Every structure is written in C-alpha cells, then in structure tokens.
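Enquirer: The residues making up each chain are set out below.
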Amino acid sequence: MTLKRSFWDKCRENNKRRIWVWAVSMIAHLIMYPGVTLVYMSRIHSRNLSGLYGTKEIYRRMLADAASDALGFHTNDRVVIMLFVLAAVIALQGFGWLHDRQKLDLYKSVPVREQERFMVIYCNSVLIWLIPYAISLVLGLLTAAAYGAVSGMVVGSCIMAFVLNMFYFLVNLNLFILVIMLTGNRIMACLGFAFASVLGEWLYWVGGVLQLTFFDTRCRDFSREELEPSILFEYANGTYSWARKFGSQPAQFISGIAPVLIKWALCAAVLGILAYLCYRKRPAEMAGRTIAYPVIWPFLKGVIVVSGTLFTAYLMYRWSEENTAITFLTLIGAAVLFSCILEAVYEFDIRAVAKHLVSSAASLSVSLVIFCLFWFDVFGYDSYIPDQDQIESAVVAFYDYTQDYWEYTEAEGTDPDPAGTGYETKSRLSPFEYAQEHMYLTDTDAVTALAQKGIEQCWQRKHAKADVSTEKPGSYRYVSILYRLKNGREVSRCYNVDLLDPDMARIIDAVIGTKEYRAGVYMPAATPQCLTDEDTRLYYTNGSMQAEMDPADVAELYQAWDADMEGYDYSFASANDMCGKIMIKNTMGTVTLPVYESFQNTVSLLSDKGAYYPLQPNLADIESLAVTNNNYEETGSAAGYVTNSYAVAEADYAYQDGWYGNRAVTVVYDDPAQIGRIMETAYPDDFYQMWRQKDPDDPSYDYLDENYTITIAFKPDIDYPYKKVQDTFSLKHGQIPDFVKKDTAYRE
Amino acid sequence: MIEIHNLTKSFEEIKAVDGVSVTIKDHTVFGLIGTNGAGKSTVLRMVCGVLKPDGGTVAIDGAPVYDNAEVKKKLFFIADDPYFFSDSNAKAMESYYSSIYENFNSGEFYRYLDNFNLDKNRKISTYSKGMKKQLALLLGICAHTRYLLCDETFDGLDPVMRQGIKSIFAKEIEENGLTPVIASHNLRELEDICDHVGLLHKGGVLLSKDLEDMKSNIQKVQSVFASEEDARKAEKDMNIMKVERRGSLYTYTVRASREEVIARFAAVNTVFFEVLPLSLEEIFISETEVVGYDIKKIILG
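Just so you know, the protein sequences line up as chains A and B, in that order. Positions 1 to 748 (the working numbering) are the ones given, in order, by the first sequence. Positions 749 to 1049 (the working numbering) are the ones given, in order, by the second sequence.
Read the hints as simulated data drawn from the structure, not as lab findings. Predicted, not measured: the structure shown is a model, and the values here were computed from it. Errors might be hidden in some of the hints.
To be verified - Derived pair list, reagent style EDC-like, types lysine to aspartate or glutamate, alpha-carbon separation capped at 20 Å: (1) A:K355 <-> B:E760; (2) B:K821 <-> A:D9; (3) A:K10 <-> B:E850; (4) B:K763 <-> A:E347; (5) A:K355 <-> B:E761; (6) B:K839 <-> A:D9; (7) A:K103 <-> B:D829; (8) B:K839 <-> A:E13; (9) A:K281 <-> B:E760; (10) B:K821 <-> A:E13; (11) A:K281 <-> B:D815; (12) A:K16 <-> B:D835; (13) A:K10 <-> B:E818; (14) B:K800 <-> A:D100; (15) B:K919 <-> B:E939; (16) B:K821 <-> A:E114; (17) B:K880 <-> A:D100; (18) B:K963 <-> B:D940; (19) A:K281 <-> B:D802; (20) B:K871 <-> A:E13; (21) B:K821 <-> A:E116; (22) A:K103 <-> B:D835; (23) B:K800 <-> A:E114.
Stated by the list, open to error - Cβ-Cβ distance ranges computed for the label pairs, FRET-style: (24) B:R993 <-> A:P294: 55 to 61 Å; (25) B:G925 <-> A:W8: 33 to 39 Å; (26) B:F833 <-> A:W8: 17 to 23 Å; (27) B:P812 <-> A:L277: 19 to 25 Å; (28) B:H775 <-> A:E114: 28 to 34 Å; (29) A:V198 <-> B:D862: 55 to 61 Å; (30) B:P812 <-> A:A23: 39 to 45 Å; (31) A:P294 <-> B:E923: 43 to 49 Å; (32) A:E114 <-> B:E856: 25 to 31 Å.
We put the CB at the ideal spot given by N, CA and C, even for glycine.
In isolation and in its complexed conformation, chain B is listed as follows (with noise of 0.2 Å):
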C-alpha cells in the first residue's frame, strides 16, 4: 500500500503539491487525474523517491521511499519522456533493467515485444513516440515490480494497444498483484482502466475514491411527478447533488444507492421514473460541483 500523507512541494516560489493525502490499495489500477501543472508528476516522482517532499510522507509498506532503495524494488516508474540509453536498443534496455530488478523476467519480456512487434535489435532513438511508451511500459511490466507508476504513459497509445496493455495488467494484477498507478490529465483514457481515482487541482487533491464506490452512490433520476407535491416529497432528505426541470421533468443527480432511489420516488406518485447510469465524466462533474468547481475547465478544458 502506497500512502501519501499531507505531502507538500515547492519549486521556488511554485507550489506544485500542497498538502496531498492519498491512499493507493494494493492490486487497484489507481487513477491520478489532473490538468497540465496540476502536480501528477511531482507527486509521481516523489513517489518513486527522485524528488524529496518538502512536508509530508510517502511511504510504501509503511517504509518511506526517498533514498531507500530497498524500498524502491517494490515499484517501477515510467516517466512521461522515458528515457533510454543513446543508441541502444531493446536488448540493452532488458540488459540494464534485469540487472537493477531482481524478478525481471526476460523471456517474458522478449514474447511481448513479439507480441507488440517491437523489433528488440533496433535503435530505439528510431522508434516512434507510441513505440517508445510500449517499450518502457513493458519494461515496466516485465520487472515485476510490485508497483508499477505510469506518468502520462497511455496517452498517444493507439486503442490497440491499450487493450493489450488493459489485459496484461488484468494479468499482472490477478497472477502477481501487480498496482499500477497511471497519471494522466485525459478522463476518457482512464475510465476503462481505473478502480481508484484520485482528482489533483492545484496541487491539492479534489477527491480520491473507488469508481464502483462512486458509480453506485451516485445515480441519476429522470421523472416526471403528478404533482408538485409530489416533487417535494421525493426530494424531502434525499442528498441531491443536483437539479435540472424542463418543463414537466426533472433530472435528479442524487447520491444514494440504486435501490435507495428506486424506494424512495416508488412511494411518491410519479408519472414516470427512470435511474439511468452516468459516465465517470457526469460521476466527476458532479463530484466537484458540489465542491465548487467547475469540472469542464479543470479536465474536459
């Protein structure tokens, strides 16, 4: 388990992270959303110990990680421009990690660079950019490495390969309880890979939960009621997070459970109800909403 407690960073007279708490269970795909300059590398990196926090922790298995480098075969980092050594290729990049990373299993990763067609004898400096975040997210894989920090990694992934990526976590996590943790400022990239997402604005972080803790607690409710009363009724102590009428019908964002809501405008006279699914986007935008922010600028822009 990953656990950053109040964790704070300044560049200069920049605070980049200010006071970010956040828990990261093991054999979760973690999720950390935020916009360009919002913190998600700093914290990244101080995760994987290369920048020391100015306040707070971080500590993996309750051991902190800066300069600890038995701490530091639990994870494995992908920087947004990872970096590969001048002129090598594949091979030497196997060579070096599986002489830092004690489980790196080269077989392993020489089958996927078959499977990802990454020819393992050419120069990386001549691979595409795709090509270079496949490599070193295998590399990453193929390290075994209990913790596995993505920064910006997925985004340029054609959907191909993020499916092939999608199954071999699926894998990782199931066979060797791998945690990844994927840094992106794009939503929609992490929605079909995310369990846990934690939101950073600012340098401090909006909210932090699971996605199914968030789907079921957060439903939408469409009706059209017999009479205002009846309205009012249904609303009566029910946590609406949100409320939209056109004409007749209402749209309700209520954080209940399904059946709560079910229950709830059953007994009340309703023309009509329906509790329709929402979109981890509608999830997120009701989430800070409620906080006062406006979740369209920070990451839909």
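The following block holds chain A by itself, in its conformation from the complex (with noise of 0.2 Å):
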C-alpha cells in the first residue's frame, strides 16, 4: 500500500490539532470587524436620526470614514495588538511542540521530512490569520454597505490595510518562531518574544536618554530623521504619522508607504529564514532548556546587562545629581547585579549567579567604556559640525518662533468621531517637519556661524556650570538645526543660543531674513492646495478683534506681504512690535504671518479690504480693565500663579490666597484716565515677543511682564464689525503706571 498524500492534506492533518487556535482567530476577527463595524455603523445612524449631521452628504462622509476606520487603513491600536498576540498565539500554538521533549520523540521519529513539516505548520499558521481575516472583512464590508457606507475609497483603503497588515503578521511569525527555534521552552519563548519586539526600541531609547543626558546638542525635533527601531511600535505609531507624512491621496500615500512595507518585507523573510535554519539545527535534547543555542547566551546576556546597566547608571547619575563615585559604583552594582540574576534565570538556579563569569566581566567592561564614552563625549558629538563641502543645505528652526507660525489645528464639526474619543487630528505635517520638507538654505556659511556659536556658548555655560533657566531667563532660544549632507545623510543638533550675545543679531539676521528661510515657515500659504482649498478661511486680528476677510483674496494678500517680508530680518523684529497677525486656516493647519505697522504694503491692502484695525482698542469702547498682579516676587516663582482673579474682576480690590501661596492681587479701574495710561503700556497676549528680547538690566527692556495680565470688559452696547476674540493683555516690563503698582502690590 502506498500513501500518496497532497500538501494540502498533510496541512489538514495538521490542522486538526489547531482548531481551538482556528476559533480564537475567527472570533478575534469577527469582533474586530464585523462587529466593530456594526457599532459604528449603528452609532452613526442613530446620531443621524436624532439630526445630528443635518444633511445627507456629511452623513454618508460619516459612514463612509467610519467604515474605513473600523476596516481600513485608519485602523489603530486594537488591529495591531490583535495581530501581535494572534501571531505569537499561533506560532507558539504551531512550533511549541519543539519545547516539549514528549512530542519532540513522536513528531522527530515519524517519517515525515523536516522541511516539509515546517511548510505545512508555517502555511497553516498563516491560514490562521489570513482565511479568518478575509471572511472578517467580507462580512464587515457587507454590514458597512447596508448602510451604504462602502466606496471605492473604502475598498482601497481596505487593500492597504490589507497589505500592511499581511506584512506586520508576517514580521511577527516569524519573529516569534525564530525565538522558539532559539529558546527552550514557552515562558522564554513569551518572554523573549516581548524583548525582541522591544529590543530595538529599548535600545534606542536608552542610547537617547543618554545622548540627551550627556550630549548638549542631540536634537529630536525632526521626527522624519529619527530611526524606527521597532516594527512593533512603528506599526502601532504609524497609522497616524503616515498619513501626515505621505499625504491622504492615494498614489501619494502608496509611494510613500512603499519603502516601509519593503523593509517590513525583507524583514519577515530575513526572520523567516533563520527561522528555518535554526529549525533544521535545532538539537532536540535542548528542549527545556533556557535557550537552545548556548553559543548566543552570552551575546544575549550582555545586551540586557549593557543597556540594563547603562540605564541603572544614567538613572544613579541624575538622581545623585551627577555624582562621579555614585555614578561609577552604580555601573559596578548592577552589571554585576544583572549578570548573577540573568545566570539564575539561565540555569534555573539560584546558586549558579556566578558562573560565566568572563561574559559578566566583559559586560562590566563594555558597560564602562559606553557610558564613558557618552559622559566624556569622546566622539565629540556636541562639538561637531559638517564640514561646509559636506553640506548640501541645512534647515534652522527657532523652537517658539516656529511653533507660534505653524500650528496643529482640528477640522471642526467634520469628523465622524466614530470612536467617540474627540475630533480627528487633520494637521499633516509639524512645523518641524514642515521646515525639513520645504525649507533648503544654501547660505551654509550663516547656519554653521550660528552652530558654532551654539557650542560655545554652551561650552561656556559647561564650564560655568550655569543653567539656562536661570541665567538671564528669557534670553535663550531653542534652535534646531538639520544639515542635509551630500552623501544623503541627515544629521541635526540643537542649541540653546544666548541672544544677547554681540555677534547674533549679525549671525540670526543672516539665517532668518532670506526668502530659502521664509519658504520653510510661511509657504503653506502660497501653496496651490491652500490657494484652491474650498475650506480656507482668512483672518486678520490686532490681538483683541478679529475680522474675517474674502479667502479669494488670500493671494493677493500674501503677495503685498511676501514684498513687505524683504526687509525682515532679527534686527527687524527685535526692534518692532507686531501690529496684527494674518491667518490663513484650512484643513492643512493655521498659517500665521506677521504684520507690522512698517509693512506698508499689506497694511494698505488691509486697510483697502477693510479689515485693517490698530494695535490698541479704542478707549471708548472700554468699559474697565481689571488688572492682576501675580506678584510672583512675592511666591518665588511662577508657579505661584494659580488664579481665580477673573471671579472678582468686578470687585475693586480682592486677594486671594491660593494653592500654592498665591498672592495675585486684582483691581479693576473703569476711571478712563487710568484705563489711557494703563493701554499705553499694554499688548495683546496673544501676541508672544518670539524677537522682542532685550537685556533685562537694559532700562530700555521693554518686554512683557509676567507678572500682569489685564482683561478688558468692553461696552456691552458697542457695534464692531469684527469679532472678539481676544481680550487678555499684558503691560510692558518697565513701563507699568506707579499706580498699578501700588494698587496691586501684595499686603499682609
């Protein structure tokens, strides 16, 4: 008799031993899709039927985003864990026989080849996923389109979602049965499959507290240059950073998903073969055991008493406030403290803590010269900048300056909200990215004169030992700044730059006031999407009114204040108040330009349109102004400043004692005299003085006081044709009234 038995029926055979893991992926599924989207479908109906959405058409939108949140591409946190315990409940469901020496003696003598039995429980092991999935999303695509929420859209970004999560399953498979081939039994099995999954994020996250620790410039600002060390985490972080990096069209989002599935790809198949291989070596004796390959113990070893060391003595240096002996004893204890508990786990005895004792030694040593390595930056990371023939083009952003230009915005009352968890993000890119995509300066010569002055002065505070949150507060910027080199590379650091130092007005001038600089701060305004965009809206506002403008004029607009940009620079904006702001919001985010009383040709045409309003309200339509002094000199700090003042606004003097000894005094003026006086010195809040930075022993300084915020009531009965938006000031710091301060002072 001869048994002539296809693949197929060799994976039915062995499939029948894999029901229950069969039943815990349809179920899984079922819930994750059809029944996910069921919820969201019902959910969304029953809000139209209470008139929530008001017309059809933003009705289906809702289905329409729902059914691709719950099927599609927008799936989040829940798909990807589902697929991570899924892949290691099969895997381990699948390979775990090999941990077993009991079924190790029946499945290894059988006359079954070795190869062939690992094609059909790795094929089985996908099917388990796969047919679960599919009939899943059929049914889920069916529950959608009764409620005709399916389009081509819907479909589309099912296929992606398909494929990217056909290729996250993959990496994880094999992920995980590569670590049953190189454990001994299921609890390092789980254990090391949660570290190898970690592995690369722990690591790079203990390489960057320490860079951030030791090395005074390490930058993260420009989030497209960091490294993705885990898929795990790549994947769960993805859904949304994809998005705003390749764009929501399609053909846009497939290029730019591309390079990610291909490593994900390479990667599940460069698993899957040492899966295989270490498969065939496996010896079945090591069942059981901790690891089934000796040999890479101490590797393994020394990469958890490394980093675990490295850590421990990163922690010690902070907490001991950068105590040499501390920090030093500290790396000793734990690489050794590591190293005996990993050898207790090893051999599954506590009295085998010191054996191996040449790897634990070589750990120690490695240990030390890393952190050494970091603390004396022996590298010269902080000091280093490209060499200017090595530059192709570098981008500079100042933190604030930058962040109060470009911000995320919400896309109100547009989003299906099908989660229930708040409006959806629609902001695409952040201001850092945004510069890092558009912003190309090739006057390399003043980004690396603003480097080099960044290390030195950060050289002289080392040495000074001097905190930039206490010396001269305020005068410090945050710069970023990102080489684009000529062999591709991207490398970026990061400055605290002092800006009263004589040299930098020359040097920022130099950087800042360049059209390569503007078009990687303002260009989304001129950009043809925001020009075409049906949903842009135009504003300008003088810090307390703003009005709303034709978006049809958002061109021309920008090009009157393009023209009147050519003469700004640092020098420019330190010396001069903004007189308003323009806004230009649409679905890509908020667009803030600056405007000055100076920049006569947008004022001009502000004026023309309409819109134009000067910096201080007219003391007419004033009703009273109530002032706070926080008086923070009092509390030591601003943290002092927890404040119900508005509640006594109408009150003439009030004191509250607050939380944290708060001493913010409150008094409201509503003599119009005063109220002239105290508008004289006010500006608007809202207004922050990115460049407004002046010596405080300068009697000149002129920058906003913290310590006061005056809020105007204005005439209930007064007609504007602008909106309110804004009715917060503050005074100038130098300038208060005496009386202010003598009404506000803090009394016992």
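Each of the two chains sits in its own frame; use the hints to bring them together as a complex.
Expert: Listed below in structure tokens is the structure:
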C-alpha cells in the first residue's frame, strides 16, 4: 500500500490539532471587523436619526469614514495588538512542540521530512490568520454596505490595510518562530518574543536618554530623521504619522508607504529564513532548557546587562546630581546584579549566579566603556559641525518662533468621531517636519556660524556650570539645525543660543532674513492647495478683534506681505512690535503671518479690504480693566500662579490666598484716564514677542512683564464689524504705571 | 539491520552515551538492558533519529537515520512516556499514524483494540498508564514497520498483557519480519521475550550477545571429586569463570558447551557431577563479573 498525500492533505491533518487556534482567530477577527463596523454604523445611524449631521452628504461621509476606520487603513492600536497577540499564539501553538520532549519524540521519529513539516505548520499558521481575516473583512464590508457606507475609497483603504496587516503579521509570526527556535521552553519563548519586540526600541531609547543627558546638542525635533527601531511600535504609531508624512492622496500615500512595506517584507523574509535554519539545526535535547543555542547566551546576556546597566547608571547619575563616585559604583553594581540575575534565570538555579564570569566581566567592561564614551563625549558629538563642502543644504528652526506660526488644528465639525474619542486631527506636518520638507538654506556659512556660536555658548555654560533656566531668563532661544549632507545623510543638532550675545544679531539676520528661510516657515500660505482649498478661511487680528476676510484675497494679501517681508530679519523683529496677524486656516493647518506697522503694502491692502484695525482698542469702547498682579516675587516663582482673578474682577480690590501660596491681587479700573494710561503700555497676550529680546538690566527693556495680566471689559452696547477674540493683555516691563504697581502690590 | 558504531552523545558535561557499538540483526527481539541513566533512552532516541549523535554512526540497512524520512519509514518509536494528542482518542491517533505510515493496518488496529478491551472512542487522557502503553504498542505494531523501538514499554504491563504482546510480536516476526528493540532496566522483564541482549552501563556496552549463545556457552556444574587431584585435572584447560566450594561440593561456572563439560567431567574420577541450567540473571552475573562489574549492583540493585 502506498500512501500519496498532497501538501494540503498534510495541512488538513495538521489543522486537526489546531482547531482552537482557528476558533480564537475567527472570534477575534469577527469582533474586530464586522463587530466594530456594526457598532460604528449603528452609532452614526442613531446620531443621524437624532438630526446631528444635518445633511445626507455629511451623514454619508461619516459612514464612509467610519467604515474606513473600522475595516481599512485607519485601523488603530486594537488591530496592531490583535495581530501581535495572534502571531504569538499561532506561532507558539504551531511550533511549541519543539519545547516538549514527549512531542519531540513523536514528531521527530515519524517519517516526515523536516522541511515539509516546517512548511505545513508555517502555511497553516498564515492561513489561521488569513482566512478568518478575509471572511471577517467581507462580513464587515457587507455590514457597511447595508448602511450604504462602502465606496471605492473604503475598499482601497481595506486593501491597503490588508497589505500592511499581512506584512506586519508575518514579521511578528516569523520573529516569534525564530524566538521559539532559540529558546527551550514556552515561558522563555514568550519573554524572548516580548524582549525581541521591544529590543530595538529599548536600545534606541537607552541610547537616546544617554545622548540627551550627556550631549547638550542632541536634537529630536526632526522626527523624519529619526530611525524607527521597532516594527511593533512603527505600526502602532504609524497609521496617523504616515498619513501626515505621506499625504492623504492614494498615489502619494502608496509611494510613501512602499519603502516601509519593503522594509517589513525584507525583515519578514530574513526572520523567516533564520527561523527555518535554526529549526533545521535545533538540537532536540534542548527542549526544556532556557536557550536552545548556548553559543548565543553570552551575546544575549551582554545586550541585557549592558543596556540595563547603562540605564541604571543614567538614573543614578541624575538622582545623585552627577556624582561621579555614585555613578561608577552603580555601573559596577548594576552590571554584577544583572549578570547574577540572568545567570540564575538561565540555569534556573539561584546557586548559578557566579557562572560565566568571563561574559559578566565583559558586559561590565563594555558598560563602563560605553558610559564613558557618552559621559566624556569621546567622539565630539557636541562639537560636531559638518565640513562646509559636505553640506548640501540646511534647515534652521527656532522652536518658539516656528510653533507660533504653524500650528496643528482641528477640522471642526467634519469628523465622524466613530470611536467617540473627540475630534480627529487633520494636521499633516509638525512645524519641524514642514521645515524639513520645505526649507533648503544654501547659505551654509550663516548656518554653521550659528551652530558654532551655539557650541561656544554651550561650552561656556558647561564650564561655568550655568543653567539656561536661571541665567538671564528669557534671553535664550532653542534652535534646531538639520544638515542635509551630500552623501544623503541627515544630521541634526540643537542649541540654546543667547540672543544677548553681541554677534547673534548678525548671525541670525543672515539666517532668517532670506526667502529660503521663509519658504520653510510661511510657504503653506502660497501653496496651490492652500489657494484653492475650499475650506480656506482668511482672518486679520489685532490681538483683541478679528475680522474675517474673503478667502479669494489670500493670494493678493500673501503677495503684498511677502514683498514687505523683504526687509524683515532678526534686527527688524527685535526692534519692532507686531501690530497684527494674518491667519490663513484650512484643512492643512493654520498659517500665521506677522504684520508690522511698517508693512506698507500689507497694511494698505488690509485697509482697502476693511480688515485693518489698530493695535490699541478704542478707549471709548472700554468699560473697565481688571489688572492682576501675580506678585511672583512674593511667591518666589511663577509656579504660584493659580488664580481665580476673573471671578473677582468686579470688585475694587480682592486678594486670594491660592493653592501654592498665591499672592495675586486684582484691581478693577473704570476711570477713563487710568484706563488710557494703562493701555499705553498694554500689549496683546496672544502676540508673543519672540524676537523682542532685550537685556533685563537695560533700562529700555520692554519685554512683557509676566506679573501683570489685563482683562478688558468692553461696553455691551457697542457694535463692531469685528469678532472679539481676545480680551487679555499684558503690560510691558519697565513701563508699568506707578498707581498700578501700588494698587496691586501684595499686602499681608 | 541496525548498525550502531562507536556512538557518543553528551548533554553538556554529562556523557550519556560513550562509544556504544551494537549490531541488531533482523527478525530478532533485541533487549537493551541498563540501569536508570545508563543511556538506553539516549541510544534509542538516536537510533530513531530524534537526537543527533555527537560522534559515531547509526545506520539502518546501511543508511543514516538522522534527518532521513525514508529510513524512518522503517521504524516506529515508542517513547518511555508516549505522547498522545491532547483530548484525542484511539481513533484520532489511528487517523494520524495511518496518514504517516504507508503500511498502517487500521482494521487490524481496531481488532487489537477490541482484543485488549481498549475503547477507541474513550479519551486517552482517561486511560491508565498501562493502557496507554498498550495503545502505543498496538499503534507501533499496526504501523508494520520493520523495526519497533520500545523504551521501557513493557514496564508496568500486567503478565496477561505481556503475554498477549509477546504473541503478537512472535506473529509479526514470523509473518512480517518485525524486529523489536526493547529497552528496559529490568532484566527479568526481558528474559522471556528477547533473543539478543545488549547490556549498557555508564554509557557504554558491557556485552551484547544472543541469549541462546550465552546459555549454550555458559554452564554451571556441580561436582564432588574423588580426590583433589581429580579436581585439578577437571579444572585444567577449562575456561572457568567462577568457582565455589562448600565442603567437598564444587560449583563451577564454565564457559564451554554442555557436551564439552560432560566430556571433561566424565574423564576424571568424580563421585558425582551434574550440569545445571543457568537463568539469564546468572548468566549476566557471571559474564559481567568476568569484566569486573558487580551485576547485582548494576541490574538488580
């Protein structure tokens, strides 16, 4: 009798022993896809019945977005976690027999080729995920279709999600199979899988905290420069960040995501091949042991001991306030402790703590060397500036300045909010990412001069043991520089630069007074998408009032403003106050353009359009001013600022003893003369004076005084063509009227 | 034929098998005897291809067995603690093995199950230890492989079952040329089953011989001689393995055929002599004492 069985017959036979995994996979997918889809659809349907969405068009869009969210690419953490756990369960159930001597005796002695056995179990493992997913997806689409929520975009999104999920599942499946091959029992396999999944992230994180601790110029603002060391986290974080990085258009997105998919596919292939090779070479007698290949133990132990030791030493370095002796003792103690613990786990015997002393000593030595490399900046990380001839272009982003002009926004009222978690953020890029994409500074002399100055100041502060937060408060600005090198690499550094440095004005002028710089900060206003976006809204504000303009004026206004910006640089900005802001809002975000009184083209055009309004409100329109003096000098810091001053604005005088020893005093003024005097020195809170930086010791210092806040109460019967948007102002330091100081002084 | 040559296997610092060389001829019942830890299971696991030898070779009909599915078709391994699929019954195991072994005879299997009063639908997890061993043996027999490797499989089987299995073995050897290889730590359990015995101790083979050869080549003789001189004459040129004397009664364990012994003692002046049969235990005691081991400690405790 000759037995001829096909590959699929063997798969079927193998599946007889995997029924419960099939059931788990099926139930999980049914809940995750048709189940969640039904919940989303019915929720939106009932909201629509209660008239929440207004029009049928919005209702349809809500349904489509929800279907996409439940079934397609906008899948989220729950799917990533499910895929991760399923991969683990399927792999362990399929290949876990390698950890069991009883099963090994059976499977290894029967006449089945090892290659064939591996392929049967592996293919079944993939099918156990794939078939329930496919069935659930179809059921989910049918559910969505019943509500009329299926469109081409939804199907496309499902296909994209399918591809991503498949590669992600394969990476995790292959990783776990490899871990099973390398370990000897199930507990170690699960620990190993968890460890392998977070290893990249952990090492990257430990390296990152050491860099941030010891390297003053370490920069993490340009996220696109950052590596993604763990596919687990890459997918968990990826769905939203990819949409922002690659764009929402299918073609754009596919070309953007392709390298990620290629990376995952390669990763899955390499892990799969390694898993197979280890399967073929795995000694059966290692079932039940900790590690199946003792040769890898010293390396594995080294990675855990070194990274754990470095992290512990970093913690002690911080807690002991950079105490050298404690840090070194911690390094030695942590390395010894971790080595002993690992040896006890490896041998499953507490008496084995002193085994493999050579690898323990090597781990300690490597930990010491690495820590010292960071501590003493042996490779000159902080002093690194690429050679001029290596730099192709650069990006310079002043942290506060950039953030003020390009911010995230919410697409109000357009989000289906299927999960009920709040409005969906439609923003695509952070200011740094935008700058990274659009700013190409070719005058690298100016950039490297800025970097050089940053390094010099960093060293001076280091030697003087000075702290940016206490030394000349407010005079430092955080600047991030990204160098694009000719070899294709991108390198970034961050510096805290002192704006009071005599050379700084010249250096910063050379950087920000260029069209290339503006392209990386303001260009969204002039992009074709911005100009044609039907959701674009155009506003002008003087800090307290806001006029909405015709969006059709965007291009003309931008042109006028751009012409005025030709004379704009740091010297100009630090000597002048903004008188208003143009705000262009659309689905991409909000672009804010500063307007100064000397911007003749802009002011003239705004006036022609009836949108210009002077910085100062009309005094005749003000009914009263509530001036609050927070008296920080009494509490010692701004931390004491906990106020309910607004609640007492109607009283002549009030005093509150707040949670943190609050000494805020609020006085309400309704005398026109006093109001006029106060308003002379008032400036809108919202107009953050990024570049208005002068020496506090200089008598002409007019930076906003953080002690004072003014709340304007306008007369109720006045009629403005503007919408009131802001009613809090601050007072300029050094120009505060004496009567205000006296009235609002803290009294016991 | 299974040829084991200079086989070695270590588990870290422990040398489990050290230079074992044995040849297992076809159509015999081979017993592998040894104490716990002697290396019996390790040898069997290498013979069936579960473990890879560190050194030496295992060949079945001249072909290596490790990672060789074609060769493994010729053998069936019953481990000391055989694995059955969780929540399975005899039918499920039959289904699996019949999909693996080309010659698995399902009809015969179910007949044997009936004969041994094993319920094919009952969950194996509810079987007693002895019932599980019976089931494993029946699966192995019905796979109709040429070699059936049993690791401590007969330990714990009641005499009736042992007799039943022994009958099946005899039938299979005769009809299908089965070669069972049975490892056990209990010499008495193998005495009535094995044709050939290999004795393992501390990873090595102390001896490997046919039981019949051993029995025919070792004789126990009790004799009372007419004089001391007659005793010296009888002993001269005889391969005496052991001699005991109680008064005038001499008891010899002699390596020679029965005929040779009778001829030699007939030629000298004896008051009385008698050639007695040796039990397997006695043969082993004698054989191993010759090479310096105390078999009572090794096998019998």
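Enquirer: Give a verdict on every hint.
Expert: Hints, one by one, checked against the model:
{"no.": "1", "hint": "A:K355 <-> B:E760", "verdict": "holds (14 Å)"}
{"no.": "2", "hint": "B:K821 <-> A:D9", "verdict": "holds (19 Å)"}
{"no.": "3", "hint": "A:K10 <-> B:E850", "verdict": "holds (14 Å)"}
{"no.": "4", "hint": "B:K763 <-> A:E347", "verdict": "holds (19 Å)"}
{"no.": "5", "hint": "A:K355 <-> B:E761", "verdict": "holds (14 Å)"}
{"no.": "6", "hint": "B:K839 <-> A:D9", "verdict": "holds (18 Å)"}
{"no.": "7", "hint": "A:K103 <-> B:D829", "verdict": "holds (10 Å)"}
{"no.": "8", "hint": "B:K839 <-> A:E13", "verdict": "holds (14 Å)"}
{"no.": "9", "hint": "A:K281 <-> B:E760", "verdict": "holds (17 Å)"}
{"no.": "10", "hint": "B:K821 <-> A:E13", "verdict": "holds (18 Å)"}
{"no.": "11", "hint": "A:K281 <-> B:D815", "verdict": "holds (10 Å)"}
{"no.": "12", "hint": "A:K16 <-> B:D835", "verdict": "holds (11 Å)"}
{"no.": "13", "hint": "A:K10 <-> B:E818", "verdict": "holds (17 Å)"}
{"no.": "14", "hint": "B:K800 <-> A:D100", "verdict": "holds (17 Å)"}
{"no.": "15", "hint": "B:K919 <-> B:E939", "verdict": "holds (18 Å)"}
{"no.": "16", "hint": "B:K821 <-> A:E114", "verdict": "holds (14 Å)"}
{"no.": "17", "hint": "B:K880 <-> A:D100", "verdict": "holds (19 Å)"}
{"no.": "18", "hint": "B:K963 <-> B:D940", "verdict": "holds (13 Å)"}
{"no.": "19", "hint": "A:K281 <-> B:D802", "verdict": "holds (13 Å)"}
{"no.": "20", "hint": "B:K871 <-> A:E13", "verdict": "holds (19 Å)"}
{"no.": "21", "hint": "B:K821 <-> A:E116", "verdict": "holds (15 Å)"}
{"no.": "22", "hint": "A:K103 <-> B:D835", "verdict": "holds (15 Å)"}
{"no.": "23", "hint": "B:K800 <-> A:E114", "verdict": "holds (14 Å)"}
{"no.": "24", "hint": "B:R993 <-> A:P294: 55 to 61 Å", "verdict": "holds (58 Å)"}
{"no.": "25", "hint": "B:G925 <-> A:W8: 33 to 39 Å", "verdict": "holds (34 Å)"}
{"no.": "26", "hint": "B:F833 <-> A:W8: 17 to 23 Å", "verdict": "holds (20 Å)"}
{"no.": "27", "hint": "B:P812 <-> A:L277: 19 to 25 Å", "verdict": "holds (21 Å)"}
{"no.": "28", "hint": "B:H775 <-> A:E114: 28 to 34 Å", "verdict": "holds (31 Å)"}
{"no.": "29", "hint": "A:V198 <-> B:D862: 55 to 61 Å", "verdict": "holds (56 Å)"}
{"no.": "30", "hint": "B:P812 <-> A:A23: 39 to 45 Å", "verdict": "holds (41 Å)"}
{"no.": "31", "hint": "A:P294 <-> B:E923: 43 to 49 Å", "verdict": "holds (48 Å)"}
{"no.": "32", "hint": "A:E114 <-> B:E856: 25 to 31 Å", "verdict": "holds (30 Å)"}
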